[in-house]
Structures are given as structure tokens and as C-alpha cells.
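S.K.: This is what each chain is made of:
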Amino acid sequence: MATRPADRPKRVTVRGRSRSRTFASSTQGEPARGLAITPATSQDGAMSQEKGLANGLGVFGIGLGLAELLVPRRLARTLGVPSEHHRLIRAMGAREIASSVSILMQRTPTAGVWSRVVGDLIDLACLGAVSTSKRSDRRRLAVTTAAVAGATVLDLVCAQQLSRGVRTRNGKMPITVSLVIDRSPEDLYKHWRKFSNFPSFMKHVKSVEIIGECRSHWVVAGPLGTIVQWDAEITEDQPNERLAWRSVEGSDVDHSGRVRFEQAPGGRGTMMTIEMQYGPPGGTLGSAVSAWFGEDPNQSIKMDLRRFKQVMETGEVITTDGQSAGRSASTSMKYDPAVRR
Amino acid sequence: MKANCWYGRQDVRVVNVPDPKILNQGDAIVKISSTAICGSDLHLYNGFVPAMESGDILGHEFMGEVVEVGSEVKKLRVGDRVVVAFPISCGRCFFCQNEKYSLCENSNPNAWMAEQFFGHSPAGIFGYSHLTGGFAGGQAEYVRVPFADVGTVKIENGFTDEQVLFLSDIFPTGYMAAENCNISRGDTVAIWGSGPVGQFAIRSAFLLGAERVIAIDRVPERLQMARDGGAHTINYEENDVYDVLMQLTGGRGPDSCMDAVGLEAHTPGPLHYYDRVKQALMLESDRPMVLRQAILACRNGGTISVPGVYGGFIDKLPMGAMMNKGLTIKTGQTHCQHYFKPLLQRIANGEIDPSFVVTHRMKLEDAPKGYDKFLHKEDGCIKIVMTP
Numbered sequence: 000m001a002t003r004p005a006d007r008p009k010r011v012t013v014r015g016r017s018r019s020r021t022f023a024s025s026t027q028g029e030p031a032r033g034l035a036i037t038p039a040t041s042q043d044g045a046m047s048q049e050k051g052l053a054n055g056l057g058v059f060g061i062g063l064g065l066a067e068l069l070v071p072r073r074l075a076r077t078l079g080v081p082s083e084h085h086r087l088i089r090a091m092g093a094r095e096i097a098s099s100v101s102i103l104m105q106r107t108p109t110a111g112v113w114s115r116v117v118g119d120l121i122d123l124a125c126l127g128a129v130s131t132s133k134r135s136d137r138r139r140l141a142v143t144t145a146a147v148a149g150a151t152v153l154d155l156v157c158a159q160q161l162s163r164g165v166r167t168r169n170g171k172m173p174i175t176v177s178l179v180i181d182r183s184p185e186d187l188y189k190h191w192r193k194f195s196n197f198p199s200f201m202k203h204v205k206s207v208e209i210i211g212e213c214r215s216h217w218v219v220a221g222p223l224g225t226i227v228q229w230d231a232e233i234t235e236d237q238p239n240e241r242l243a244w245r246s247v248e249g250s251d252v253d254h255s256g257r258v259r260f261e262q263a264p265g266g267r268g269t270m271m272t273i274e275m276q277y278g279p280p281g282g283t284l285g286s287a288v289s290a291w292f293g294e295d296p297n298q299s300i301k302m303d304l305r306r307f308k309q310v311m312e313t314g315e316v317i318t319t320d321g322q323s324a325g326r327s328a329s330t331s332m333k334y335d336p337a338v339r340r
Numbered sequence: 000m001k002a003n004c005w006y007g008r009q010d011v012r013v014v015n016v017p018d019p020k021i022l023n024q025g026d027a028i029v030k031i032s033s034t035a036i037c038g039s040d041l042h043l044y045n046g047f048v049p050a051m052e053s054g055d056i057l058g059h060e061f062m063g064e065v066v067e068v069g070s071e072v073k074k075l076r077v078g079d080r081v082v083v084a085f086p087i088s089c090g091r092c093f094f095c096q097n098e099k100y101s102l103c104e105n106s107n108p109n110a111w112m113a114e115q116f117f118g119h120s121p122a123g124i125f126g127y128s129h130l131t132g133g134f135a136g137g138q139a140e141y142v143r144v145p146f147a148d149v150g151t152v153k154i155e156n157g158f159t160d161e162q163v164l165f166l167s168d169i170f171p172t173g174y175m176a177a178e179n180c181n182i183s184r185g186d187t188v189a190i191w192g193s194g195p196v197g198q199f200a201i202r203s204a205f206l207l208g209a210e211r212v213i214a215i216d217r218v219p220e221r222l223q224m225a226r227d228g229g230a231h232t233i234n235y236e237e238n239d240v241y242d243v244l245m246q247l248t249g250g251r252g253p254d255s256c257m258d259a260v261g262l263e264a265h266t267p268g269p270l271h272y273y274d275r276v277k278q279a280l281m282l283e284s285d286r287p288m289v290l291r292q293a294i295l296a297c298r299n300g301g302t303i304s305v306p307g308v309y310g311g312f313i314d315k316l317p318m319g320a321m322m323n324k325g326l327t328i329k330t331g332q333t334h335c336q337h338y339f340k341p342l343l344q345r346i347a348n349g350e351i352d353p354s355f356v357v358t359h360r361m362k363l364e365d366a367p368k369g370y371d372k373f374l375h376k377e378d379g380c381i382k383i384v385m386t387p
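Respectively, the protein sequence lines represent chains A and B.
Counted from 1, the first sequence has number 24 at position 25 by numbering that gives the first Met the number 0; the numbering is strictly sequential.
Counted from 1, the second sequence has number 153 at position 154 by numbering that gives the first Met the number 0; the numbering is strictly sequential.
The reader is advised that the hints may include incorrect statements.
Stated by the list, open to error - Chain B is faced by these chain A residues, among others (derived, beta-carbon under 7 Å):
| no. | residue |
| --- | --- |
| 1 | 72 |
| 2 | 298 |
| 3 | 302 |
| 4 | 309 |
| 5 | 312 |
| 6 | 313 |
| 7 | 319 |
| 8 | 321 |
| 9 | 324 |
| 10 | 325 |
| 11 | 334 |
| 12 | 337 |
| 13 | 338 |
These aren't lab readings, by the way, just hints derived from the structure by calculation.
Nothing here was measured: the structure is a model prediction, and the numbers come from that model.
Here a beta-carbon is modelled for each residue, glycine too, at the ideal position from N, C-alpha and C.
Model the full structure from these sequences, guided by the hints.
M.R.: Written as C-alpha cells, this is what we have:
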């Protein structure tokens with residue numbers, strides 16, 4: 000197990016900030032000072048795509064809600080709904096405004112956006128109920144229903160991304176994954192530094208070719224069966240402590256990442272932290288849709304790091320691919336994507 | 000080879016499947032000589048466990064002869080007779096190093112899934128859904144055993160299969176559950192559930208110094224087997240359990256209470272239907288009747304031990320009773336490998352002969368009938384051992 004002399008001060012890096020502070024270890028008689036831990040995502044001044052979308056939906060909701068409250072009969076005619084339901088429309092208007100106020104006034108609009116989703120479902124149910132009435136304008140009603148369905152999807156995507164904690168800024172989602180591994184920082188750094196090892200534990204990486212001191216060529220499986228290739232260069236290399244890399248200017252993919260190796264508390268191995276900026280194709284909307292198909296980059300990176308831990312602690316990545324089963328596939332298509340290469 | 004596979008709720012079939020292969024270099028292939036059906040297999044059979052796929056091979060209690068080893072296997076050789084632990088453990092991570100083998104960090108390839116349910120993933124398990132890694136189980140003729148050096152114990156004396164088979168699961172489970180009761184000399188231990196785990200828990204509690212063990216069940220054969228093990232018995236269909244426990248303990252309550260029943264608990268009366276309806280409506284995934292009773296009956300400052308398997312969420316747990324009475328709850332999937340040597344020693348010393356629990360023997364081909372019989376507790380069925 001990795002050990003460190005007890006009197007050497009512990010070095011702690013606060014996430015998201017570039018400087019590191021050294022604290023006296025408690026063995027020297029002085030209590031160590033605690034840190035206020037804040038995730039990097041909330042320290043940026045710029046508003047995330049998700050919050051921007053939520054605000055947009057909030058403003059739209061105010062507009063629609065006012066229309067429903069103030070001119071329900073005229074609105075009913077426009078939407079193709081019989082105007083006898085004007086009281087119900089007023090109630091919907093009040094609800095829209097309440098949701099929007101919640102979104103625009105709260106620091107975290109997640110609950111407000113989910114309330115919009117619930118409201119949309121109620122709207123769809125009402126539209127469905129009224130579609131059989133002879134007094135509805137069927138054609139207009141169809142258009143209205145399609146519009147509400149579209150709004151529902153948008154609300155759902157926004158609520159989902161907010162709930163998942165995704166914060167996309169400038170087209171990039173920050174991903175941070177940490178794992179404690181029972182080997183010394185030196186061992187982990189040495190194995191990690193040889194990028195050609197990556198395909199053995201990183202599922203999406205097909206190959207990494209070293210083409211210079213600081214350069215490497217990556218071939219990675221993208222979403223929907225595509226293959227993406229780019230050159231990366233090392234921008235920071237502190238042996239046994241830190242490694243940072245970035246895709247070279249002019250690459251197809253704009254990708255940067257950083258890995259840190261720190262002593263875990265209690266001498267229990269090494270804490271490895273990977274921080275990456277991931278640019279999902281299609282922005283936050285694209286990321287939400289791929290999540291529906293089981294693609295979650297946060298999850299993928301975490302699984303890759305878990306496999307790295309398996310390699311470093313046990314020597315190989317455990318697999319069930321190729322085992323016996325009473326069906327044509329050895330693993331489950333639904334439940335074992337992590338296992339299949 | 001033939002293997003017993005899951006195909007749906009109450010649908011298991013013995014079919015022909017490919018023979019297992021070495022997939023990791025720490026693997027061994029074991030030719031199975033005896034395999035058993037576990038009470039927790041019934042949760043799979045009844046469809047309570049998610050992430051099951053048609054064709055999954057079941058079974059996590061098995062033993063046999065090593066017929067092939069991977070290049071990284073150091074302690075086993077072809078021809079060794081071994082019992083295999085049901086949790087798959089790497090032997091190298093923080094938890095394995097601390098002998099908490101059922102919490103291994105490296106043995107569940109689907110850790111991401113279990114993490115969403117539990118916060119962190121426990122170890123992989125043989126034949127127990129893709130939540131625990133989707134490993135092919137041992138109700139078959141052959142099985143692939145990952146991390147074979149860690150997960151097996153060699154049997155070198157001339158024990159029969161039935162004497163040592165239960166080291167794979169139920170004997171260490173009952174024993175660890177009894178250890179978790181924090182038994183002091185002279186204690187009274189109440190054990191809900193007189194199935195095979197309960198039976199081993201009763202005998203283990205006495206081995207660990209309990210003065211009295213009270214077994215609670217409703218099936219006459221199981222109550223009789225409990226009495227054969229030295230326990231006083233309460234039939235919960237004929238008596239109010241709390242009242243009888245108060246009488247037996249002078250109003251104080253048992254020092255420890257064990258829930259050896261788990262998520263498919265049954266209780267007479269309307270409360271059972273409350274939980275069954277909630278399960279059907281997906282408002283509750285597990286039925287905690289036994290846990291509630293145990294918490295209420297346990298003496299102040301006592302210990303609740305929970306070997307009974309739970310998977311999801313329960314409703315109406317008497318947290319107020321737990322907190323105000325100062326109870327300790329100890330739970331967990333068994334750290335089987337930790338108990339291999341000490342329990343094998345107890346068997347060798349003649350302190351216990353685990354084969355007492357076997358009531359039915361059949362061929363592997365009859366596994367579907369076995370599951371049905373075990374589920375309905377027909378014909379005095381308590382434990383079924385199958386041979387391929």
C-alpha cells in the first residue's frame with residue numbers, strides 16, 4: 000500500500016481553482032483547516048445552456064399564461080378549442096404563470112421545469128378530451144396538439160438535464176469523475192502515462208498511437224457507430240501528480256482533459272480525479288436524447304476509470320462476455336453494455 | 000452442457016447451453032458435483048428481482064472438481080475438490096483486504112447499474128441478475144469461477160458433498176447473521192424464519208453462546224427442525240408473536256432479533272394485504288412485516304440482525320421505535336470467504352453436521368419441479384440438493 004511520511008504536509012487542490020494550498024497535517028499538533036467544497040460547475044459566471052433554456056421556457060410561459068388569463072375566449076378560437084372552456088383556460092393560465100415564476104425566481108429552476116412537464120401532460124390530456132367535441136375546430140386543434148407535444152419534449156429535455164446536473168457552457172459539459180485505487184500515485188501515473196494502454200480499459204477508445212514526445216493520435220468510437228480521430232498534445236505533465244492534455248488546433252473534435260493523482264486520506268491508496276470538457280454533438284438537446292439511448296459520458300468515463308482500477312488492483316478487467324447462457328447472446332443486450340467490447 | 004435457466008416469472012427450464020470457458024486468467028472451470036436452490040433464488044423465480052434476462056443461468060450454491068485453470072490461478076490445481084463462495088471477490092481491493100468479501104469493488108462489471116439503486120455497488124454474485132454482474136450460475140454441469148484463488152475452499156478430508164456444500168452460502172449466512180446479533184453469554188435470540196438460513200442461524204447462535212433461541216415460522220416441518228436444533232418455537236399463525244415473546248422474556252424482549260425472511264415476508268391478517276397492494280402498485284418493492292415485528296419486539300438497546308435479502312424500498316418502518324429504544328441494526332450479504340476456514344474447522348471438529356438441513360435430493364433435470372416444491376413448501380421441503 001502507498002505510504003507517505005507522516006510529517007510531510009498534505010497537498011490539497013481545490014477543484015476548479017488553479018492554485019493549490021498546503022495545510023499543516025494534524026500530526027504536527029495544529030488542527031488542519033477545513034475547506035468549503037464547491038463543485039467547479041457552479042463557479043463559472045456564464046449561464047449554462049440548461050438554465051438559459053429554462054429561462055426561455057419561463058418567459059414563454061409568462062406570455063402564454065397572460066394570454067390564457069386575459070383573453071381566454073379569443074385564444075380558444077385560435078387554438079381550435081370550444082370557447083365554452085374559457086374558465087378552464089384561465090386556470091391553465093394561472094398554472095403557467097405559477098410554473099414560470101418558479102423557474103425565473105428560484106436559483107435552481109429544476110422543480111419549476113418539472114412542473115411545466117406535468118402541466119404539459121395535463122394540457123395534452125385536456126386537448127385529447129376536447130378533440131371528440133363537435134364544437135372544436137379539428138384542424139386547428141391538431142396543430143395546437145402538435146405544438147404542445149413539441150413544448151412537452153423541450154420541457155422534458157430541460158428538466159432531465161437540470162436533474163442530471165448537466166451544465167453545458169460554450170457547447171461544453173464539464174465531467175468530473177473520482178475514484179480511489181489501492182496503488183501508489185507512482186504506479187498509477189506510470190500506467191496511465193502510457194496512453195497506448197487506454198484501449199484495454201476505455202471502452203470507446205479503439206487505439207492510441209504515440210507520435211511524439213507530447214503528441215498522440217486517438218481513434219475513438221463516437222455515437223451511432225461513427226469513428227472519430229484526432230491528435231492530442233500534453234499541456235501539463237507533473238509526474239505522479241498531474242497530467243493534462245488537449246486536442247490539437249484544427250482537430251475534428253475539441254476535447255481537453257486533466258487527471259490528478261493524490262494520496263487518499265488515511266493512506267488508503269490514491270485518489271484519481273479526471274476532469275474533462277466534453278462537447279456533445281447537438282448541445283444539451285443532443286446530450287439529453289443520447290441519454291435516452293443509454294449514452295451518458297459521465298457514466299462512461301466512470302466505468303472506464305473503474306476498469307482502470309480493476310487493471311491496477313487485480314491485473315485484468317473482469318468480463319462475462321463469452322460466458323454460457325440459455326440464449327443466443329452470452330451477455331444481456333439490455334443490461335450488459337459495460338461488459339461488451 | 001445442461002443448465003437451469005430463467006425464462007420469466009415462475010418459468011425455469013433445464014436447457015442445453017455451451018460449456019463455460021476461461022474468460023479471465025484468474026478463472027477456473029469447475030465440474031459441479033452438487034448444487035442447491037436458495038431461498039433467495041425464489042425471489043428471482045417470483046419475478047421480484049429486476050434486470051433478469053431470458054436465458055440467465057441460475058444458482059449460487061455449488062461445489063465440485065476443478066477441471067481447468069487460467070494462467071493466473073496460483074492456489075488451485077486441476078483435480079482439486081472445492082466449494083465455491085457465492086460472492087465473487089477480487090481479494091485485492093479495500094473491502095476484500097478487510098475481509099468484507101461481499102462488498103468487493105472490482106467484481107461487478109455492471110457496477111454502474113447497482114450504483115443507481117444502492118449508491119455504491121456490492122460484489123458480483125453468481126446467477127443473481129445483471130444488477131450483480133449477470134454471471135452464469137451453478138445450477139449446471141460446469142461453471143466458470145472468476146478470481147478462483149479467492150472464491151474457493153479446498154476440501155481435503157473425506158466429507159460428503161452434503162456436509163460441505165452449504166459453506167457456499169447458507170451456513171456462513173446463518174453464522175454471520177448470528178455473529179451480527181452481538182450475542183453475549185446467556186442471551187435470548189429470536190429468529191424470524193425457519194428456512195435453511197434460519198436453521199443454520201439457530202445452531203450458530205448456540206455455538207456463539209446464546210442461552211435460548213426462539214424460532215418463529217408457520218410450517219410444521221420447519222418448526223420441528225428448529226426444535227431439533229434446540230430452539231423454542233412459535234407458530235405465528237396460531238399466536239401473537241409479540242405477546243409470546245414478552246411472556247418468554249419476562250416483558251423485556253429478546254436481546255437480539257433476526258430477520259431471516261427478507262422481502263417476501265408473509266403475515267396473517269389485513270396488514271399483509273396492505274403491503275401486497277403497495278407492491279402491486281409499485282409504491283413499495285419489498286414487504287417489511289418481519290422487520291417491523293422484530294424492531295417492536297426487540298429489547299431496549301438490543302440488536303437487529305438482517306440476513307434476509309431485501310432489494311428495494313420499504314414503507315412504514317418504525318424508525319421512532321428504533322431510535323428511542325437505542326437499537327443496533329447489522330445487515331449484509333455474507334462475507335463467505337471469511338468464514339470458510341473457521342466453519343470447515345467446526346465441521347471437522349464434529350460441532351455441526353450441515354447435512355441435517357437436506358430434505359430432498361433430485362437430478363438437475365428436475366430443477367423446475369424442485370423450484371415449485373420449494374416455493375410451496377410441499378412435502379416437508381426445506382432444502383433441495385441437485386446433482387447434474
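S.K.: Give a verdict on every hint.
M.R.: Okay, the hints, checked on the actual structure:
Taken as an interface hint, residue 72 (chain A) does not check out: its beta carbon lies about 41 Å from the nearest beta carbon of chain B, beyond 7 Å. With its C-beta approaching chain B no nearer than about 6 Å, residue 298 (chain A) sits inside the 7 Å limit, and its interface hint holds. Annotation: interface hint on residue 302 (chain A) holds; nearest CB of chain B at approximately 6 Å, less than 7 Å. At its closest, the beta carbon of residue 309 (chain A) sits 5 Å from a beta carbon of chain B; the interface hint therefore holds under the 7 Å criterion.
The restraint placing residue 312 (chain A) at the interface with chain B holds, with a minimum CB-CB distance near 5 Å, inside the 7 Å limit. Because the beta carbon of residue 313 (chain A) sits about 5 Å from the nearest beta carbon in chain B, less than 7 Å, this interface hint is met. For residue 319 (chain A), the interface hint holds, since its Cβ comes within 7 Å of a Cβ in chain B; the closest pair sits about 6 Å apart. Taken as an interface hint, residue 321 (chain A) checks out: its beta carbon lies about 5 Å from the nearest beta carbon of chain B, inside 7 Å.
Contact between residue 324 (chain A) and chain B, as hinted, is supported at the beta carbon level, the nearest pair being about 5 Å apart and thus within 7 Å. Checking residue 325 (chain A) against chain B: minimum C-beta separation of about 3 Å stays under 7 Å; hint holds. Hint status for residue 334 (chain A) relative to chain B: holds, with the closest Cβ pair at about 3 Å, below 7 Å. The criterion of a C-beta within 7 Å of any C-beta in chain B is met by residue 337 (chain A), whose closest approach is roughly 6 Å, and the hint holds.
A cut of 7 Å between beta carbons decides the hint on residue 338 (chain A): the least distance to chain B is about 5 Å, and the hint holds.
Going down the numbered hints, you'll see the structure goes against just number 1.
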